[in-house]
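Using the sequences and the hints, build the whole thing.
Chains as they are written, first to last, in the numbering used here: chain A, 1135 to 1890; chain B, 1135 to 1890.
Don't take every hint at face value.
The list treats identical chains as one, so a pair stands whether inside a single copy or across any two.
To be verified - Straight-line distance between alpha carbons at most 30 Å, and here's what the computed BS3-like set of lysine-lysine pairs gives:
hint: 1; residue 1: Lys1520; residue 2: Lys1690
hint: 2; residue 1: Lys1690; residue 2: Lys1742
hint: 3; residue 1: Lys1864; residue 2: Lys1690
hint: 4; residue 1: Lys1268; residue 2: Lys1864
hint: 5; residue 1: Lys1141; residue 2: Lys1268
hint: 6; residue 1: Lys1779; residue 2: Lys1269
hint: 7; residue 1: Lys1149; residue 2: Lys1779
hint: 8; residue 1: Lys1502; residue 2: Lys1520
hint: 9; residue 1: Lys1268; residue 2: Lys1502
hint: 10; residue 1: Lys1205; residue 2: Lys1312
hint: 11; residue 1: Lys1517; residue 2: Lys1641
hint: 12; residue 1: Lys1265; residue 2: Lys1744
Hints were generated in silico from the structure; no laboratory data involved.
The structure displayed is predicted, hence computed values, not measured ones.
Protein chains: 2
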Amino acid sequence: MAKIADKYFSADPWKVIERGFNPAYSRVSESVFSLSNENLGVRGFFDEGGTADSLRGCYVNGVYELEDLPKSYCGIIDKRHFMIPSADWLMTGITLDGETLDLGSVCFDEFVRELDMRTGTLSRQFVWQTKSGKKLRLTFLRFTDMLHGDRAYQRITLEPLNFSGTAELTSGITFDVKHEGRGVCYWHSLRLAADKQSCAVQARTLASGQEVFAAALLSVSGDPVQDEKTAALRAELPLVKGTPLHIDKRVVILFNGLEGDALWQAGQSALRGTERVSLGAALAAQKVYWAEHWRISDVRIEDESGGEDQQGIRFCSFQMAQTYNGGSVRHNIGAKGLTGEAYNGHAFWDTETCCMPFYLFTNPRAAKMLLMFRFNTLPQALKRAKMLDCEGACYPVATLNGDEACDLWQHASLQLQPSTAVAYGIWHYALVTGDQVFIREYGAEMLLQIARFLRSRAAQNPQTGEYGYFGVMGPDEFHMMVHDNAYTNYMGKRALAYAADVIEALKSEAPAVYAALRKKTGLKEEEVSGWRNVSEHMALPMMEDGLIEQHDGYFKLPHIDIHAIPVSEFPLYNHWSYDRIYRTDMIKQPDVLMFLYLYSASFSTEVKRKNYEFYEPRTIHESSLSPSIHSILAAELGRMDEACKFFGFATRLDLDNYNRNTREGLHTTSIAMAWVNIVYGFAGLRSDGGGLSFAPRLPSHWSRLGFSLTWQGRIIEVEMEREQTRFTLKQGEPMDALIYGIRREIGTEGLTVPAL
Amino acid sequence: MAKIADKYFSADPWKVIERGFNPAYSRVSESVFSLSNENLGVRGFFDEGGTADSLRGCYVNGVYELEDLPKSYCGIIDKRHFMIPSADWLMTGITLDGETLDLGSVCFDEFVRELDMRTGTLSRQFVWQTKSGKKLRLTFLRFTDMLHGDRAYQRITLEPLNFSGTAELTSGITFDVKHEGRGVCYWHSLRLAADKQSCAVQARTLASGQEVFAAALLSVSGDPVQDEKTAALRAELPLVKGTPLHIDKRVVILFNGLEGDALWQAGQSALRGTERVSLGAALAAQKVYWAEHWRISDVRIEDESGGEDQQGIRFCSFQMAQTYNGGSVRHNIGAKGLTGEAYNGHAFWDTETCCMPFYLFTNPRAAKMLLMFRFNTLPQALKRAKMLDCEGACYPVATLNGDEACDLWQHASLQLQPSTAVAYGIWHYALVTGDQVFIREYGAEMLLQIARFLRSRAAQNPQTGEYGYFGVMGPDEFHMMVHDNAYTNYMGKRALAYAADVIEALKSEAPAVYAALRKKTGLKEEEVSGWRNVSEHMALPMMEDGLIEQHDGYFKLPHIDIHAIPVSEFPLYNHWSYDRIYRTDMIKQPDVLMFLYLYSASFSTEVKRKNYEFYEPRTIHESSLSPSIHSILAAELGRMDEACKFFGFATRLDLDNYNRNTREGLHTTSIAMAWVNIVYGFAGLRSDGGGLSFAPRLPSHWSRLGFSLTWQGRIIEVEMEREQTRFTLKQGEPMDALIYGIRREIGTEGLTVPAL
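Put into structure tokens, the structure is as follows:
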């Protein structure tokens, strides 16, 4: 593998720790130290700001701005939306002896920044030594309230070590925040207020017209300070040598569809609501929340590695729970979560293929909510298909609100995988949850419209008569405008067949629902047989030995030794002429291995081996999803060394900044895949063959791996050790599962199976 | 063929005539009625403006604005330049009885607009009937001075038919002109002046900082009128019933690299220079110029068609002579000449392949000037290759100044044909002119750098070991990111071999020049053998029967019946989802037929026939170059009906608005190809085999075709009739040529050869 770790943080099973501040890693740290409660997200920047390199991002899920694009060709979007920073609620200024706290310029020592995953808090401590010789120990603590999506807290502790005196604090709320890439503040303020202990600002975005209310209540009194987009307090802090002084800030940020006076009043009411809860009480509740999370969702690894794997997987699980937990049908999972502005806050096509398994097996309600997001945005997908001269529904490559927001036509128009992924997600959701009601009420209609799209977009190869997709780009975005891409063809084949299955089942089993759906969609019966025909005659270029050609002509592409590419050239997008990445056999992320994983039961181990061996050396993993897929397949093929190597890469992608772009935000989708990596990879879970199957393969440097799963109302605990694996039913009815290919019953008394 | 004529103008051998004004054709007429003297271009808009649909374009060759582009991937340009409208020198307002002349709203009759190709003038006449019942005959005449690139003239004649009285005229110069697509005026004025008979404005572009001086001298006196960017006169015109009153306006527009006071003084001096010449005298000189042009460059067709072909080819020759005649090494040939803002005034890659033959055989000095444009912009081509991670020189797809200005990466980065075209142009220029001095002084260095580029961009197919170009787009822009495109490969093969030939010849024949070139370029000897190796092992996918696959995988593309596409869907770019045009076997313009034509002597008639028969039915001719290539090959294959059908299309592309986009400007490159169509197609001229060869094939509906050619200092007149063709040497030494494959001598006494 051509990528190497850039280790910076200390390993710890429950924490991420930065000892001493290295300005060169400032933005990487900010990303890693991000907090979120699914609704409010905040990067781990310095509360007091300063001149150190920083992206001061406070985000509210679903808040975006709109932008017109230059008129282009048909089918290319002419308007795009993108996440913008919302109110900065951590705004803080501290002055002592006329010196302003700025870690970019003052003298300081004993710097420690810690993310604690048991409490969901970020703390930062250091000793500031002023030019006048005073030493002040400062501790900053913050958290976004997991129990109240619209609340967040900040505590600043000042402990004078060698003096008594006065410091000056400014603290407030400001919408004077610029989108970094565009250098524009998209907010105009509608109303401001500040009194001795609180301040509030209501603001509206310029083009999208979204309104947000943000307010803070402080534990000290001060004088109101306002300007156009900012409301704050300025307070004199009496400091007594050796005595810590706490300043608590309770924050409310509302974005709920209300506007004008109604929003203002709701906001003031919500702010008053926080008065009843001290920061300490909120923090205690927060600890309980996270304890419960870890009780159900923890992955426990005992190993000899110094805890890096344990830290890595906990970091992943922590970030997933922060990013999305099914709290709102209006949200999806941004590629960077709420940790940065790169990718514009957009959710990409990989929600259903990469993130959903984590939720299916830990929080099935959240998985359903993700699919409901797609159902609610079906009208936009229908419109998008029309734009592309196709029928049915084409789901967006990138979106916050359901509209296609990807302004790179080569992705937005050529990548069909968002639509096949939604079909896959529905199929997988039904398999794992058994929720047939969802299929009838929502799934069938989505599948029907996706099938129409996939049928209308398919075409016949005149030489073979087979169907395929011409002019596409698969998940491997290093090959563009290719024909018969194996991933696209196979995913389309399965989606078409499944849609036909569901519609035919509906016809026979729920004729009234079927009739209503036909009426609503104008479905003709011959459409369904048409889908089946295309599905059955879809090209899949497999050689005699089982090797599948990624797309027509792939084998003729010039070979490149990916290990010969200097690390300094990553990410390639930033260093190589754009066109150059498209004309070799180098792969960004695997197309063929991806569908061999997604439809694992449909392919033999031999086919997987053949393709893994061929494609692995050609894959550069410029996508953060790539290593986990490789790890899972490597484990299945018994290549445990490789499985572990790719796993380390996956869980620590951001902690060790493998892609050298963690500064822009976390790779949230990759984080989801890390969980999948463990349960699919090392426990050998497969969920695409009807029931569940396991094939535990404990990495040799681990002594124990434990985690839990939900399955159709059950909770199963899996404890893998060197010699054996123990499956215990913790909730629900006993069930059968295939363990190493043999049908076994898992009950409350537990089932112990010796390791292979 | 799927395209059909939209006939509007009357056929006439020497004129283009519009009888009666149809507002729906307003912009088409404006394009067709464009005038230019290579330096100043002006669309045929109404002098007096008004509310009719119009693009009021006055252009100065080489005047452009610069624009920053959003930062994108590496190798994609971040700045582009584009032609902008310059001073409107026809600015006119006429008021009578308080009614303002506006053909979009007033009553008028007897409208006739005429372009006269014997005088290079545009005239327009009509009778204006005011609401007060007055009838005023108005005649507008204009021309750009072919003898003085910086001069232009306007004459307005007012003849009151039923009254005597006063009309008010405003006439002047304004830089208050907006770029239509962008809606921006890119000029700020630096200095204005107006007195009783003249007015002047000097202005500067906002970003590119180019300065232009424009001034007018009127034959009537008036009161000065100025605003920020406009200087004009307002005059009361005493009208006497039945007596025509002429108002003459002499215009000077300077864009010569001078700035500030120096430019202002040069401009005033140039304006005074026009005082010595009356408009009548300038017009008389203009007539002499055009008479001389037609004496040398006329193509005479006698036919039964009512003169459409004659009109069409004269229109082409007229427009070419207006657009470019080698007057400045800073100019190239814009895709729309100076007739509209579409394509941003850019010259494209087809100058050397499509336009140059016209100049090589009628004005070889202009052909050399076109190549000198490439030599002078070699530094930009070197820089561009670096941007693309390649070596040597990569010439731009679109440019005004030598910098790549195409902001569609899929064209700018994937189309290698600008570079192969320059190499072809040098080769063809040397063949036709025998100018070895040019090759040594300029050609060799360009070829060396082009060869470096083509070597570094080539790669090996791992299955065959052959070289080819991966991830390219040929001239057929309906197939993108293809591999082993036959055009690109073959043109690259020949360019590499020619570069090696030239450098090796230089080494042995002009060692001092060779040594200097090596020193300048750091050429290593093994580079040259490397070019030859790649050239010799370049893939060209030819089937056993001679059919050449346009690119790897082309034969597997879904077939589309191009005749089934409704005319209303043209141009496809405006009606089809952009991605849709790329995934069928439909061809925009021929790749394979193009190089079979360019290197005609290297391919057998059988190969040409096979490929013509295969590709012709798949070609939609969305490029205006396409029909002429087809016509030439059809003629060679004896398919005279098709040759004539494609010829009509080519010469009348704009007169009959075949592509439905003449409103945006003329298809200048296509206009050049129309001349080529006649001499290569119907006279069967070939110039790529060493000497000249002819194979006259007169279209059956023509009784005579006559034209002249220059060849290495000679002038040869060709007169084709039904039964015979007569070749007469009009200047220079007798020469040999192959006539129908037989070597014959052409001398002053003339050679008569019976028709086939």
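Quick rundown of the hints versus the structure:
In this assembly of identical chains, the alpha carbons of Lys1520 and Lys1690 lie at most 30 Å apart only when taken from different copies (26 Å versus 35 Å within one copy). Taking the shortest Cα distances, Lys1690 and Lys1742 sit within 30 Å of each other both inside one copy (22 Å) and across copies (28 Å). Taking CA atoms no more than 30 Å apart as the test, Lys1864 paired with Lys1690 passes in neither setting, with 53 Å inside one copy and 56 Å between copies. Taking the shortest alpha-carbon separations for Lys1268 and Lys1864, neither the intra-copy value of 57 Å nor the inter-copy value of 101 Å comes in at or below 30 Å.
Taking identical chains as interchangeable, the C-alpha atoms of Lys1141 and Lys1268 are never at most 30 Å apart, the minima being 34 Å within one chain and 90 Å between chains. Proximity of Lys1779 to Lys1269 under the C-alpha cut-off of 30 Å is found in neither arrangement, the shortest distances being 46 Å within a copy and 92 Å between copies. With identical chains, the CA atoms of Lys1149 and Lys1779 are at most 30 Å apart within one copy only, with a shortest distance of 22 Å there and 78 Å across copies. In this assembly of identical chains, Lys1502 and Lys1520 lie within 30 Å of each other by CA distance solely inside one copy; the values are 27 Å within and 50 Å between copies.
Taking the closest pair of Cα atoms, Lys1268 and Lys1502 never come within 30 Å of each other, the shortest separation being 56 Å inside a single copy and 79 Å across copies. Proximity of Lys1205 to Lys1312 under the C-alpha cut-off of 30 Å is found in both arrangements, the shortest distances being 26 Å within a copy and 18 Å between copies. In this assembly of identical chains, Lys1517 and Lys1641 lie within 30 Å of each other by CA distance solely inside one copy; the values are 27 Å within and 64 Å between copies. Taking the closest pair of Cα atoms, Lys1265 and Lys1744 never come within 30 Å of each other, the shortest separation being 67 Å inside a single copy and 87 Å across copies.
Comparing the model with each numbered hint stated earlier shows that hints 3, 4, 5, 6, 9 and 12 do not hold.
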